[in-house]
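Position chains B and C against the provided structure of chain A, taking the given hints into account.
These protein sequence lines map, in sequence, to chains A, B and C. Under our numbering, think of the first position of the first sequence as 145, with each following residue one higher. Under our numbering, think of the first position of the second sequence as 70, with each following residue one higher. Under our numbering, think of the first position of the third sequence as 1179, with each following residue one higher.
Hint data in this document are derived by calculation from the structure and do not stem from the laboratory. Honestly, I wouldn't trust all of these hints.
Unchecked claim - With a straight-line cut-off of 25 Å between C-alpha atoms, the simulated PhoX-like cross-links for lysine-lysine are:
#, chain 1, residue 1, chain 2, residue 2
1, A, Lys201, C, Lys1403
2, B, Lys122, C, Lys1269
3, A, Lys201, B, Lys212
4, C, Lys1477, A, Lys386
5, C, Lys1474, A, Lys386
6, C, Lys1362, B, Lys122
7, C, Lys1506, C, Lys1474
8, C, Lys1227, C, Lys1477
9, C, Lys1477, C, Lys1465
Unchecked claim - Which bits of chain C does chain B cover? Going by a derived footprint, with three or more residues having C-beta under 8 Å, they are:
#, region
10, 1240 to 1247
11, 1421 to 1430
Claimed, not checked - A short, non-exhaustive set of chain C residues, derived as facing chain B with CB atoms under 7 Å:
#, residue
12, Thr1310
13, Asp1340
14, Lys1367
15, Thr1370
16, Ala1385
A quick note: this is a predicted structure, and the numbers were derived from the prediction, not measured. Ideal Cβ placement from N, Cα and C applies to all residues, glycine included.
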Amino acid sequence: MDSIASHSLDFFENDPAENTKVIARSLTNRFLSGICIALSLLTMLPLISIIFLLLKKGLPLFGAGIFTELPPAAGMTGGGFGNAIVGTLVMVGIALAVSAPAGILSAIYINEYAPTSRLSQAVRLVAKLLTGIPSIICGVFAFAVVVMMTGTFSAYAGGMALAVLMLPTILLTSEQALLGVQSAYREASYGLGATRFQTIARVVLPDAFPAIMTGVMLAVARAAGETAPLIFTALFSQFWAKSLNEPTASLSVLIYNFSTVPFPHQISMAWTASLVLVAFVTLANIAAQTIFSRKN
Amino acid sequence: MSAPEKDIISPSGYRPMPDFFKIICQTAAILTVLMLGWIIYEIIESAWPAIQKYGLDFVTTSAWVPNRDRFGVLPFIVGTLASSLLAILLAFPLGVAIAIFLSENFLSPAIRQTMRFVVEMLAAIPSVVYGLWGIFVIIPIVKAFGDWAVDSLGGFPLFSGPAYGNSLLTASVVLAIMILPTITAISRNALASVPKTLREGAYALGATRWEAIFTVILPTAAPGIVAATILGLGRAMGETMAVAMLIGNSSRLSWSVLSPSGTLAGLLANQFGEAQGLQVNSLMYAALILIAITLVVNLLGEAVLRHTQKQTAGIR
Amino acid sequence: MKLTSSLALCLSIATSLALVTPARSQQISGAGATFPAPLYQRWGVEFNKVQPGIQVNYQSVGSGAGVKNFIQGVVDFGASDAAMSDEEIAKVPAGAVMIPATAGEIVFAYNLPGVNGIKLTREVMAGIYLGTVKKWNDPAIVKANPDLMLPDMPIQVAYRSDGSGTTYVFTQHLSKISAEFDDKVGTDKSVTFPVGVGGKGNEGVTALIKQSPGTVGYVEYGYAKDNGLSMASLQNKSGNFVAPDIASARNTLGNVQLPDNLRVWPVDPEGANDYPIVSFTWLLLYKKYPDAAKLKAIKEFVNWGLTDGQSFSESLGYIPLPAPVVEKAKFALSTIE
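Chain A extracted, bound-state conformation (with noise of 0.2 Å):
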């Protein structure tokens, strides 16, 4: 390929047969980037307006209560729902906690220790199979696992339900984190006499984690706003939860409780409980980019 450069240099000198050819590539180049850049930029439109619809209609409620008092039943006014930020932090807590080290050394064996056995295929497979998993499906066996043994709703049964919901993307795209690492780098590894561990721990991981993290928070955002999951396994609470052990509220159940009856109190506040919920989760994205890119 003739660089535009060389070509440029003797411009006036060239036959304008290559000097068309020349700007034509040059042309197709920065159409290409305005292009790109105008897409990138009509994201933004859908973005601001879901943004604008929660700030209208979720501000008005917002406020210290909102932490601090326990949800409105129908026909009253005022109130919070602090018992479901905190049900909803810990049941995403308990599925991350599962479902990461299982999806993150998972890919790990898959990628570097047995690409090609038979167990790495199985898991393989799989992963891909569920990750169309509608989301109640993980409700339903979630309960069957944990709240028919149980006896009983529990925080531990949501958990068990969203890292269900988890495990496949986090496999998946940890999957995707290792082989984007060179092998150059895990070549000059052993030829510096480490060990497999040694530059799985020191070499690949450091390297793939960024993207590993893309994975997870793509996951924990998901799950943290799915109702389905929850609803069959951690049913719904008034009041503060005592124990993981019991029904637990969470921030999607109530958004979903809240939007489907008729009284408009309720109904603004599950635009409140929304805004709150986009908040945390984005301000937990920016927090592990931060903390995980400092350790880069």
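Only chains B and C this time, still in chain A's reference frame:
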């Protein structure tokens, strides 16, 4: 070049030690397979009575009449595929364009960071809120567009019939926005991990930025981008709440994107709470079909990938 | 490391707080029908004010799922718009008692600016949902509404896309008054209507009605009232057109004969001023509760709900139970041990 099978150097001399980390990872992999496999088993077990009763007719008939014990999911299969494909059609170009934008240095890092923030915020929005936003904002827009489209393009079967607000098009548009962060984030990672040497090599040979992107960078990042798309597609097919609120949930087959439709996941979301007996089994059968469709989509994606890989040598 | 020490600090604060908090109160959890959920949740909060030691939680999961949970024994009580069938009751090892807790009425809500108080005959009601009555100025509708200006607009029909007790009660009534409807559509929580668009939940149908003029849909009274939707007066078996409100629904309930198991459907009420589409919704309790404290708590809660709890019904759009029903319900409650 492969790694040494066992540790050559261990604290107490040259005795080989088992790699504990490998065992941990292997255990994780086994547990993952067991758990996810268990789910599939549970679904099959729950669906079995319906499978026995309806067999493949389930997939080919259109009637979903619980009180007459007639269950057929063809319209919902069509709706699932149509809405997901339409969503990918809208989200893929947008997502890859943004990913390119984020991984190249067109504009300053500040603008790129803002863009990243925007995309991440989209990911943070719960399903229910997308549904509500769809009802407030997208439905009026689609209805207005639909009325216009029926008038001017009405002959074309895709835009025929009365234009509804709750329609395939509405659900697809909202789905596209929902899966955009997934496609963008993972594609961006894939693009960013293309070795600098490749990029610089292309420029050294005289390519413009976009020539480099199309001939070198995209092909190298293709596996990651395909993975991103498949994950996005999976999310679109499994999305329950937002779709159930926007798609109209009709069991009538129609060519038009402006009429109500239904998806398998939406069917589950709508009916599971009230279902009893054979209806529950049928809903599980529908879930099983959804999983089967996901598998087919994944296999197709891999076939596409293998085809493009043949044309670009693996440079990893 | 700073991280671990701060984590340790948080953990110790949390544990000490847990030790300091007073003893756990009695927890009762229930799941079931969506329709009465706001009322039961309000009862939970109000009852907790009266008896701070008892916390009652209720979450809507759907009548079907509620019955399943009840049979499986993972809840302390269930709730269902469709009560329980005999087969379902047989599956409960501890035995089941159904107690009507409140009631609702279903209205034909519509969006026709300027047209108030439309009267719908029985044939028209079924005809709209069969697709045989297609326009608002159909002769049958005009005949029953001589003083209204009915526009030449097509009728857009809205129905529930999700399975629901509301659909069950609605189709049950239409099947009773129209043999054609019974044949073509039938009665169930989820049916295939020959015409119309589906919305999710009462709120979804309400949204559909509000969005497009010319739309009619069936919703619970509370949703129509709180959203300012116009409601049609329906013709009952006696031939009278009855407007939906709390009083007309109470008429219907007052005339209902309750059998011993308290499961009854006033499918086609005969009273002159009865509103035709009214239905109870039931709480499902076990006949035996092994835990004495729980038994006491549940009995007190349900008792309170049947008496003081009824005062919250009207403002939330539910029908307060008539006294004879309350008496019979209390009696059924007393049989639980």
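To see whether the hints hold, each was checked on the structure:
1. A C-alpha spacing of about 22 Å is found between A:Lys201 and C:Lys1403, which places the hinted pair at or below 25 Å, so the restraint holds.
2. Proposed proximity of B:Lys122 and C:Lys1269 is supported: the alpha carbons are some 23 Å apart, at most 25 Å.
3. Using a Cα cut-off of 25 Å, the hinted pair A:Lys201 and B:Lys212 holds, with the two alpha carbons roughly 23 Å apart.
4. Distance check on the hinted pair: C:Lys1477 and A:Lys386 sit about 23 Å apart at the alpha-carbon level, within 25 Å; holds.
5. A C-alpha spacing of about 21 Å is found between C:Lys1474 and A:Lys386, which places the hinted pair at or below 25 Å, so the restraint holds.
6. Using a Cα cut-off of 25 Å, the hinted pair C:Lys1362 and B:Lys122 holds, with the two alpha carbons roughly 23 Å apart.
7. At most 25 Å may separate the alpha-carbon atoms for a hinted pair to count; C:Lys1506 and C:Lys1474 meet this at roughly 19 Å.
8. Distance check on the hinted pair: C:Lys1227 and C:Lys1477 sit about 17 Å apart at the alpha-carbon level, within 25 Å; holds.
9. A hinted pair counts as satisfied when its Cα atoms are at most 25 Å apart, and C:Lys1477 with C:Lys1465 qualifies at roughly 11 Å.
10. For the region 1240 to 1247 of chain C, the stated coverage by chain B holds: 6 residues have a C-beta nearer than 8 Å to a C-beta of that chain, and at least 3 were required.
11. Judged by the Cβ-Cβ criterion of 8 Å, the region 1421 to 1430 of chain C is not covered by chain B as claimed, because only 0 of its residues qualify and three are needed.
12. Hint status for C:Thr1310 relative to chain B: violated, with the closest Cβ pair at about 18 Å, above 7 Å.
13. A cut of 7 Å between beta carbons decides the hint on C:Asp1340: the least distance to chain B is about 4 Å, and the hint holds.
14. Because the smallest distance between the Cβ of C:Lys1367 and any Cβ of chain B comes to about 5 Å, under 7 Å, the interface hint for this residue holds.
15. Taking 7 Å as the C-beta contact cut-off toward chain B, the hint placing C:Thr1370 at the interface holds, the least distance being around 5 Å.
16. For C:Ala1385, the shortest C-beta to C-beta distance to chain B is roughly 6 Å, which falls under 7 Å, so the interface hint holds.
The structure is inconsistent with the numbered hints 11, 12, although it conforms to all the rest.
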